[in-house]
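Here is how the chains run, residue by residue.
There are 2 protein chains.
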Amino acid sequence: MSRVFNFSAGPATLPEAVLREAQTDLVDYKGAGMSIMEMSHRGKEYDAVHNEAIASLKRLMGLGDDYAIIFQTGGASSQFAFVPMNLLGPGQTADYVHAGAWGGKAIKEAKNVGAVNVAADTSKEKPSRMPKDSELKLTPGAAYLHVTTNETIEGSQMKSIPNVDAPLVADMSSDILSRPMDFTKFGLIYAGAQKNIGPSGVTLVAIRKDLAERGSDKIPVILRYKTHVEQNSLYNTPPCFGIYMIALVTRWIDAQGGLAALAKINVEKAALLYSAIDGSGGYYRGTAAVEDRSDMNVTYRLPSEELEAKFIAEAARHGLKGLKGHRSVGGIRASIYNAFPRAGVETLVAFMREFQSKNG
Amino acid sequence: MSRVFNFSAGPATLPEAVLREAQTDLVDYKGAGMSIMEMSHRGKEYDAVHNEAIASLKRLMGLGDDYAIIFQTGGASSQFAFVPMNLLGPGQTADYVHAGAWGGKAIKEAKNVGAVNVAADTSKEKPSRMPKDSELKLTPGAAYLHVTTNETIEGSQMKSIPNVDAPLVADMSSDILSRPMDFTKFGLIYAGAQKNIGPSGVTLVAIRKDLAERGSDKIPVILRYKTHVEQNSLYNTPPCFGIYMIALVTRWIDAQGGLAALAKINVEKAALLYSAIDGSGGYYRGTAAVEDRSDMNVTYRLPSEELEAKFIAEAARHGLKGLKGHRSVGGIRASIYNAFPRAGVETLVAFMREFQSKNG
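Top line first, the protein sequences correspond to chains A and B.
Residue numbers for the first sequence follow my numbering, beginning at 1 and rising by one.
Residue numbers for the second sequence follow my numbering, beginning at 1 and rising by one.
Note that these hints are calculated values from the structure, not bench results.
Predicted model, so just to flag it, every value in this text is computed and none were measured.
It is possible that part of the hints are untrue.
Which copy is meant is left open, so a pair is good if it fits within one copy or across any two.
[Unchecked claim] Derived lysine-lysine pairs resembling DSSO-like cross-links, with alpha carbons at most 30 Å apart: (1) K218 to K105; (2) K111 to K218; (3) K124 to K185; (4) K310 to K30.
Let the hints inform the model, and build the full structure from the sequences given.
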């Protein structure tokens with residue numbers, strides 16, 4: 001068996017050690033005589049896993065008892081609806097930053113629910129970039145300000161947390177737990193698990209408990225954050241296997257040395273790639289503004305679409321998979337989340353040099 | 001390693017062969033160099049699995065092109081909200097059958113969305129039972145009639161499909177694919193996967209395409225059935241691993257001989273247990289009316305709660321796990337879904353005889 005280097009944007013590569021542990025225990029979890037997938041979500045074995053995942057995430061994010069970690073499903077796309085359904089009351093306005101495709105989707109869905117003000121729109125700009133605090137046109141008394149900390153398709157990433165009065169809501173799907181951050185500056189953070197923390201099918205939500213109380217009694221019980229906070233994500237059957245995988249990933253993060261250690265590696269991996277792009281004499285061209293370049297999704301172009309197609313195909317033959325940019329923008333995208341190994345970045349950089357010398 | 005007999009109501013036992021195949025392929029799916037969990041949901045390997053699961057479910061259910069199979073998340077509890085949000089328009093009334101705890105939850109959630117008429121309520125009756133067609137007080141022009149085909153907590157199961165004019169909507173979470181049925185009599189069928197068809201975290205929805213069109217443009221895009229029908233459950237990242245497990249389970253069902261063969265085994269397994277209950281001279285007492293007894297969840301009592309606690313504890317020591325009845329009703333519940341082996345039922349029956357002789 002040989003594992004390839006998997007640059008997929010999500011579902012994305014997981015730590016091999018985590019997969020191997022899950023494999024070992026898949027049919028008989030720690031001698032229980034059944035898989036973790038087959039266990040009652042109200043039994044003691046699963047309960048330990050569930051609460052370990054919650055406690056580890058709270059610890060890694062430095063969140064206290066005024067926050068709850070809940071597990072939902074439906075990905076960030078469902079949160080695009082759940083956030084305004086819960087937090088945007090009648091007569092209120094929510095501010096949104098539109099810096100890329102995902103922010104745009106969040107805005108479109110929120111408009112189905114209530115009043116939205118686009119506080120800044122850099123989504124059409126090239127190179128792609130994040131707006132500065134000074135550019136934000138905020139609504140006085142806004143219900144919240146929604147940001148996307150990393151735009152996966154455009155390859156841009158917020159390097160600082162906006163300083164605003166309204167509760168800050170963040171889609172961190174593509175950079176959650178990839179760097180230390182003052183997470184207490186946010187009122188609500190959500191992330192589909194399938195990039196940095198687990199498989200698809202489970203969504204992490206960290207919410208300040210007072211905000212969870214805002215949910216109207218008019219919306220269905222299952223769609224209220226309050227329900228899941230009160231029931232510790234056991235109101236109904238949770239996506240147990242996905243939560244188990246998150247628990248294993250948090251242990252792996254601890255073993256790497258925590259968020260600061262991961263961030264150091266992540267920055268180095270990204271710098272290697274950006275340096276190869278910048279050192280190519282314009283053969284490879286990054287698509288994001290230098291100061292906002294993402295450490296998670298490195299996006300770039302080649303001199304022609306024909307060369308891009310050839311690059312992607314040849315890279316795949318070298319065991320470098322999933323490098324095709326999002327279908328909406330084309331080009332190359334190397335997603336190098338927490339679990340992506342540095343050796344894969346080094347192999348890609350070597351391949352880029354070789355490809356350029358043959359096709360320059 | 002020894003597998004126990006796992007009577008859990010859900011998450012529930014899966015076919016051992018399915019778990020072993022998933023285990024083998026977990027780190028490297030068919031030589032792709034990555035796990036099925038790590039693959040792009042838009043790549044060819046995952047695409048084949050996704051479409052196989054859909055095609056197999058349509059075939060097993062005998063559904064034609066006027067139906068779509070979609071995969072959602074959030075379990076039946078989310079469908080309790082999504083069904084009325086999509087199918088219950090302003091000025092309309094939906095009829096609901098209340099024959100147990102799950103039907104009751106569906107009603108409670110629907111009332112948060114629109115006008116509900118409880119067409120029959122047998123939920124307080126003992127023994128528990130399903131209402132007859134003649135008892136249904138239907139609303140002329142109702143948006144739909146909602147039924148729960150198997151009440152997991154009460155141990156009762158619908159033995160025939162109600163004959164009504166309104167579209168029939170069914171929660172089949174606990175007996176989906178356990179028996180042949182004219183599935184075309186239903187407008188919408190939903191089922192959390194974690195009892196008969198896979199792990200928790202994925203929900204099967206079979207919907208007549210004309211009903212999917214009913215969803216209002218006012219509700220969020222992600223909550224409209226129409227969105228997922230049009231996008232073949234790829235509007236956003238699906239719960240890929242859960243869908244993969246469903247694909248494996250459908251192959252296992254085919255290998256067993258399909259729904260008719262499974263039903264034969266399921267009826268035999270249940271008959272063995274009911275016969276042990278009925279032959280115990282009243283020591284064990286079934287809680288459901290004989291004609292509505294579930295082939296999936298066999299619920300019964302012992303002469304006292306003390307004996308029930310002792311029974312559950314001793315059974316567990318004999319490798320018979322998960323026999324405790326739902327916390328809301330107590331007693332014993334043996335959940336014997338498709339994947340539960342006949343040998344486990346035989347072992348339980350022998351244990352019941354022995355327990356009675358020692359504690360009679």
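Going through the hints against the structure:
Both within a single protomer and between protomers do K218 and K105 lie at most 30 Å apart by alpha-carbon distance, with minima of 24 Å and 16 Å respectively. Proximity of K111 and K218 under a CA criterion of 30 Å is satisfied in both settings, with 18 Å inside one chain copy and 10 Å between copies. In the homo-oligomer, the alpha carbons of K124 and K185 lie at most 30 Å apart inside one protomer (28 Å), although the nearest pairing across protomers, at 50 Å, exceeds that limit. Taking the shortest alpha-carbon separations for K310 and K30, only the inter-copy value of 25 Å comes in at or below 30 Å, while the best intra-copy value is 47 Å.
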